[in-house]
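Trainee: Starting from the given sequences, assemble the full structure and let the hints guide the process.
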Amino acid sequence: MLNEVVALDPTRLVIAAVIGLIILLVLIIRFKLPAMIAILVGAVLIGWGAGMSFDQIVKAVDDGIGNTLKGIALLVGLGSMFGSILEISGGAKTLAVTMVDRFGDRKAAWALAITGLVIAIPVFFDAGLIILIPLAFSLARRTGRSTLYYSTPLLAGLAVGHAFIPPTPGPVLVATMLGVDLGWVIMIGIVCGIAAMIVAGPVWGAFCGKKYFIPPPEEIKPDDSDKSKLPTFWTVTLIILIPLVLIILKSVAGVIEALAPARNILNFLGEPFVALTIATLIAMILLGYKNGYSKEELEKVMTKSLEPVGLILLVTACGGVLRYILQYSGLGEVIGNAVVSASLPMVIVAFIVAALVRISVGSATVAMTMGAGIIAAMPEIAGLSPLHLACITASIAGGATVCSHFNDSGFWLVKSLLGMDEKTTLKTWTVMETLVGSTGFIIALILSIFV
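Our numbering puts the first residue of the sequence shown at 178, with every later residue one more than the last.
These are computed hints drawn from the structure, not numbers from a lab. None of the values given here were measured: they were computed from a predicted structure. Heads up, a few of these hints could be off.
Pair ranges (Cβ atoms, derived) [unchecked claim]:
#1 T480 <-> I623: 38 to 46 Å
#2 G228 <-> I433: 45 to 53 Å
#3 L436 <-> F390: 51 to 59 Å
#4 N444 <-> L418: 13 to 21 Å
#5 K600 <-> S315: 20 to 28 Å
#6 V191 <-> K472: 55 to 63 Å
With a straight-line cut-off of 27 Å between C-alpha atoms, the simulated DSSO-like cross-links for lysine-lysine are [to be verified]:
#7 K481 <-> K247
#8 K388 <-> K604
#9 K592 <-> K209
#10 K387 <-> K284
#11 K477 <-> K467
#12 K284 <-> K388
#13 K592 <-> K387
#14 K600 <-> K388
#15 K247 <-> K477
#16 K284 <-> K592
#17 K209 <-> K600
#18 K247 <-> K236
#19 K284 <-> K604
#20 K604 <-> K387
#21 K592 <-> K604
#22 K592 <-> K388
#23 K600 <-> K387
#24 K467 <-> K481
We put the beta carbon where it would ideally sit given N, CA and C, even for glycine.
Mentor: Take a look at the structure:
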């Protein structure tokens, strides 16, 4: 059968993999080739160099694309539409302002960190930052503190939500490749994420705010949004929690006997695409129609939100191709045996692999995709429990977050929005991202010992 592991020379496999991955990185870093094409070319070259036949390579490509997209395409699309409704309705702004008002100026940094984490679950990082950063500027101007005192916790929360907690694309694609239930990923991601948010947010932000004074911009664009269209705090909160709660209930229903009578219905409602569909429909009604948005306005916004989805899905699909090339060639087994010989826990290996790609390429999505592809190809994954796989997912997310620098678009976005030079951005943003990723990884490692 074409999908069986091919018995090839281990030395040749390793050499082919090293050369293929180097070519992949050179194509992205030196020639600025789109990640999708670079990963696809690198994967095919690894298969060819390892001695796979053309039929086997084609089979691996087909299986990689098909099996990967069937588990993630709907989720990324629905999540994007859900986030777009939250964004245009002013839900994100309502959540942030309410949290800051309730925490007060003295604890506003904590409010921004929590808000960033929650908002980043349905809203893309860049959009969430642009929506919420004016609030950090306003607080800095009102209190006379450095902008970093408030913006760093906000950035940390956004980074955590973006990396660790589904339905954001990163952890969803990693969970899909590893074959782990999203409910466990959400629960482990929340635990790892909260710890990472605290360390990299209010704690690191307080240090940065004292050491580096970055004033807010001289001119802040006035808030001209229609207050009559803004939803209430609890409406926004409950809508965001709907998919998370349904997915988690599906996972725990399988192990808690008290929920056995409702297991079938919870399994259905907790299917990620069902949970997200329900949340999106409710958001359309409560955040859209009820707040004055017409059917045409919502249709236009939701359709436009799907524009970046294509790129995410194609990069993810090519990561699946890399995974199946490594698996079908037998390289995954070779790597797995090496890991076993080195006595390194899979959680540590996953973090190192993702971190190396992140440092080299810059893109967190590419780092998660390649890291998950390599780890998923190892036979040892098959014998691990869902909770352990969820810890590995969090570890990959952590590795894909650390060490943001000049090759990461997020680095330049933060630098320009906050008005910092490159050196200060490295000392603040880069360290913050590294704290987010490494703290999340350490918590995942500790949890993996007990599961």
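Trainee: Taking the hints in turn, state whether each one holds.
Mentor: These are the hints, each one checked on the structure:
{"no.": "1", "hint": "T480 <-> I623: 38 to 46 Å", "in the structure": "44 Å, holds"}
{"no.": "2", "hint": "G228 <-> I433: 45 to 53 Å", "in the structure": "49 Å, holds"}
{"no.": "3", "hint": "L436 <-> F390: 51 to 59 Å", "in the structure": "53 Å, holds"}
{"no.": "4", "hint": "N444 <-> L418: 13 to 21 Å", "in the structure": "19 Å, holds"}
{"no.": "5", "hint": "K600 <-> S315: 20 to 28 Å", "in the structure": "27 Å, holds"}
{"no.": "6", "hint": "V191 <-> K472: 55 to 63 Å", "in the structure": "57 Å, holds"}
{"no.": "7", "hint": "K481 <-> K247", "in the structure": "22 Å, holds"}
{"no.": "8", "hint": "K388 <-> K604", "in the structure": "10 Å, holds"}
{"no.": "9", "hint": "K592 <-> K209", "in the structure": "22 Å, holds"}
{"no.": "10", "hint": "K387 <-> K284", "in the structure": "16 Å, holds"}
{"no.": "11", "hint": "K477 <-> K467", "in the structure": "17 Å, holds"}
{"no.": "12", "hint": "K284 <-> K388", "in the structure": "19 Å, holds"}
{"no.": "13", "hint": "K592 <-> K387", "in the structure": "18 Å, holds"}
{"no.": "14", "hint": "K600 <-> K388", "in the structure": "14 Å, holds"}
{"no.": "15", "hint": "K247 <-> K477", "in the structure": "26 Å, holds"}
{"no.": "16", "hint": "K284 <-> K592", "in the structure": "25 Å, holds"}
{"no.": "17", "hint": "K209 <-> K600", "in the structure": "24 Å, holds"}
{"no.": "18", "hint": "K247 <-> K236", "in the structure": "16 Å, holds"}
{"no.": "19", "hint": "K284 <-> K604", "in the structure": "24 Å, holds"}
{"no.": "20", "hint": "K604 <-> K387", "in the structure": "13 Å, holds"}
{"no.": "21", "hint": "K592 <-> K604", "in the structure": "11 Å, holds"}
{"no.": "22", "hint": "K592 <-> K388", "in the structure": "17 Å, holds"}
{"no.": "23", "hint": "K600 <-> K387", "in the structure": "17 Å, holds"}
{"no.": "24", "hint": "K467 <-> K481", "in the structure": "21 Å, holds"}
Of the numbered hints stated above, none is contradicted by the structure.
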